[in-house]
Amino acid sequence: MGPSPGDLLTIDGRASVQFAGDRALTFRVVSVPDLPTYHGWIWLSGYVLDHRGLATAKREVYVQLAGLRPATAPEAPRAGRQSPPTRPYALPGDQGDRGTVGQGARVPARADAG
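Numbering (the working numbering), first residue to last: 699 to 812.
No wet-lab data here; the hints were simulated from the structure. Quantities reported herein were computed from a predicted structural model and do not represent experimental measurements. Quick reminder that beta carbons are idealized off the backbone N, C-alpha and C, glycines included. Be careful, since some hints might not be right.
Ranges between beta-carbon positions, derived for each pair [as the list claims (entries may be wrong)]: (1) Leu733 x Ala764: 16 to 22 angstroms; (2) Pro772 x Pro734: 32 to 38 angstroms; (3) His737 x Ala771: 30 to 36 angstroms.
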């Protein structure tokens, strides 16, 4: 039995010489097209995943069934290792006016405002 949609595979030189060495892929199967192939070979459609498990490219690959290996799921990001949420460009009172806005004081225009 071959791969099915949702499978996570390592595609390397065992599956096809074009994926040997540093050209190996972690691949999430989306579909298995019913296209004619040589005995023992298969077409797969899916996404190449990076080390975090994020899709980086959609691909169709032609590989040997015997060379396909299940891949381990990428490690989920841990709490505390995520980047902090971003802030809006400027908040009221956040332009060096030291609380004088709203008290009739004029705030100078920023050079990069436009």
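Cross-check of the supplied hints:
1. Leu733 x Ala764: 16 to 22 angstroms: 18 angstroms, holds
2. Pro772 x Pro734: 32 to 38 angstroms: 34 angstroms, holds
3. His737 x Ala771: 30 to 36 angstroms: With Cβ atoms ~31 angstroms apart, the hint holds.
Comparing the model with each earlier hint shows no violations; every hint is respected.
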